[in-house]
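Protein chains in written order, with this note's numbering: chain A, 1 to 358; chain B, 1 to 298.
Keep in mind that the hints are not guaranteed to be accurate.
Claimed, not checked - Among chain B residues calculated to face chain A with C-beta under 8 angstroms, some are:
{"hint": "1", "residue": "Gly203"}
{"hint": "2", "residue": "Gln257"}
{"hint": "3", "residue": "Val259"}
Claimed, not checked - Facing chain A, a subset of chain B residues (Cβ under 7 angstroms, in silico):
{"hint": "4", "residue": "Asn201"}
{"hint": "5", "residue": "Leu215"}
{"hint": "6", "residue": "Pro216"}
Don't read these hints as lab results, they were simulated from the structure.
Predicted model only: the values in this text are computed from it and were never measured.
Note that beta-carbon positions come from the ideal geometry of N, C-alpha and C, so glycine has one too.
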Amino acid sequence: MACSITIRDVRKTYGQFVALDSVALDIAPGEFLTLLGPSGSGKTTLLMILAGFIRPEAGSITVDSDEILRKPPHLRNIGMVFQNYALFPHMSVGENVGYPLKLRKVGAAERYERAREALKLVQLDHLMDRRINQLSGGQRQRVALARAIVFEPQILLMDEPLSALDKKLREQMQIELKHLHDRLGMTTVYVTHDQREALTMSDRVAVMNHGHILQVAPPREIYERPCDRFVADFVGESNFLPVEMRGDAATFGGAPLQLAEGQSAGSGNKALLVRPEKLDILGATPAPEHNPIDGTVEELVYQGETMLIYVTLTSGETIALRRGTRQQALSEMPRVGEPIRLGLHRDDTVLIDEAAHA
Amino acid sequence: MHDMTAPQGGHALNRKELAADERREKRQILGLSLPAAAIILVLLVIPVGWLFALSFVSNGEIGLANYTRMIEYSAYLSIFSTTILISLFVTLLCIVLGYPVAYLLGQMPPRLATIGLAFVIIPFWTSILVRTYAWLVILQRQGIVNDALIGIGLIDEPLRLAHNLTGTVIGMTHVMLPFLVLPLYATVRNIDGDLMRAANNMGASPARAFRDVFLPLSMPGLIAGSLLVFILCLGFYVTPQILGGGRVIMVSMKIQQNVQTYFDWGAGSALGVVLLLIVFAIFYLVHRLAGLDRIFAR
Ligand SMILES: Nc1ncnc2c1ncn2[C@@H]1O[C@H](COP(=O)(O)OP(=O)(O)O)[C@@H](O)[C@H]1O
Ligand SMILES: [Mg+2]
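Working from the sequences, and respecting the hints, build out all of it.
So this is what it looks like as structure tokens:
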């Protein structure tokens, strides 16, 4: 039932400004794909082009090999959840959810039944007669979702649907949305600027910046093997350390680095990507599988579930690492001003291109 | 400032103290609104009350003569029905002409819309009298319109556009249009464009989305504007007087005649009171049908 989407060379400019620059993307049937990028990177523009509200200058978008760019929005049969939900204030919850069915000439009785079914999926079937302005933000979000799926579109688009919710509710809704997607199986394109949300929900993440798609990959690959510095920096916390190329080997602070499998020093300007949680504190015992990094403890910041430790390296950079806050770990915490030897396991030693790919 | 000693003393403020604060605030608000209330009383309530009282005086006697006359003579009935029909028709014309204008302005980017809105408002800066005479110049037998139509050979005889109902309706519509466009525009501007897009997205054609979403959401502005136009029309004097050429008699002219020609304040007042009652009745009707609080609260 789900469709594949093929996006080719889609380009959109506003005057001189290039909002999308020959974007290409293949989305598999039933896939949950997230467009992730900072504000202004063109995510909404791409979504609006898919929905038919923005006409690109050039390009092609096919759904199951049907070109859709020339179809008006109301004939595309694509469900969409708007960022501000766009619920009709003059209709009740039930009428809102029933509206797409009304447009499809479904009779009143069946409409009611199916609207109730859709609302049941989001646990709001008891609020069918409510007015929209009587709902909380989270409830509105769910109604918008129910309305977008009630007519069983094969494609569902969502533009930062959770951004207006508080953190707890947002995290709960992320899981619920994911489950709903697993259950209904429609091809989903989801937009967010929240990297954690993207990693939590997606089959694959497409990282965007300045109208380009920089990398499309499953969450784990995006985080563990970012394609360039921008992706590494935008997704998760990162320290970047300069490496020097000596022949075939990459070196840091004069010592050659052991690299993770599949990583090669190669050519070009590279940096060592160090995630704060991947660093170990090495004791006196030798650790042959770790690349050692020496420095001095600069500052400790207690943040509840983790302790953030800033270390100034002998080479001059300051990097951050995280430790859990179990009592035993806390009692072994280094002190400010002490010298410290950090270790980066060779499997976690990843080099990235300094220059942007796009 | 609030009394600082109580919290310092360590005891929680009790209900009595907080209630006293609240009463004091209410008194202050009341005090501030007193001048406005006084102005309304002096400028509105007293004169209207005075007119109301006068309407029961006829030839130095107190009674209902001014009102019974309105029932006995059918001329009055026709004046009232003419007034109401013209007002309805002008309101209708204003809706037909003004809705597209407000709609277009609402779709424009804000800066362009401001310029467009200026064109709607500019006529407000010219006196109604000037605008009405301008229409007379345009519509009369040897006016611009007739000259042009004869010039291109569309007609042989000049059309009778002024000094009759046609001229009255054209002139009134022109004067009233901004009163419809402005409230409607204010409402339309605030309709979130995503609502229409959402309707499109769910499968509604642009026309269907307009009918199901835009039109209902613009209703408060449309009703407010129409009500304003209709009520202003009911009491309109200058334009029908000049452009009607004596062939169109509206209530306002009858009042003028009573007061200025016959010095019969009682008769004039009674007409005014009935007009006011009609306005109240219409407000009540609209309120029952659409909820005035909903319309004017936005
Ligand atoms: N109508 C428009 N006119 C001019 N620039 C626009 C318009 N719409 C969007 N843009 C620009 O295009 C860029 C991409 O916008 P958008 O797709 O909304 O970004 P995102 O959703 O990733 O935050 C932004 O820099 C924005 O300023
Ligand atoms: Mg956006």
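Check your understanding: If you take the shortest Cβ to Cβ gap from valine 259(B) to chain A, is it below 8 angstroms?
Key -> 47 angstroms, violated
Check your understanding: Does the interface hint hold: is glutamine 257(B) within less than 8 angstroms of chain A, judged Cβ to Cβ?
Key -> 47 angstroms, violated
Check your understanding: Can we keep the asparagine 201(B) interface hint, with Cβ of chain A closer than 7 angstroms?
Key -> 5 angstroms, holds
Check your understanding: Taking the least C-beta to C-beta distance, is leucine 215(B) closer than 7 angstroms to chain A?
Key -> 10 angstroms, violated
**Study point:** chain A contact restraint on proline 216(B) - CB to CB distance below 7 angstroms
**Key:** It holds, given that the least Cβ distance between proline 216(B) and chain A is near 5 angstroms, below 7 angstroms.
Check your understanding: Does the interface hint hold: is glycine 203(B) within less than 8 angstroms of chain A, judged Cβ to Cβ?
Key -> 4 angstroms, holds
Hints 2, 3, 5, counting from the list given before, are not met by this structure.
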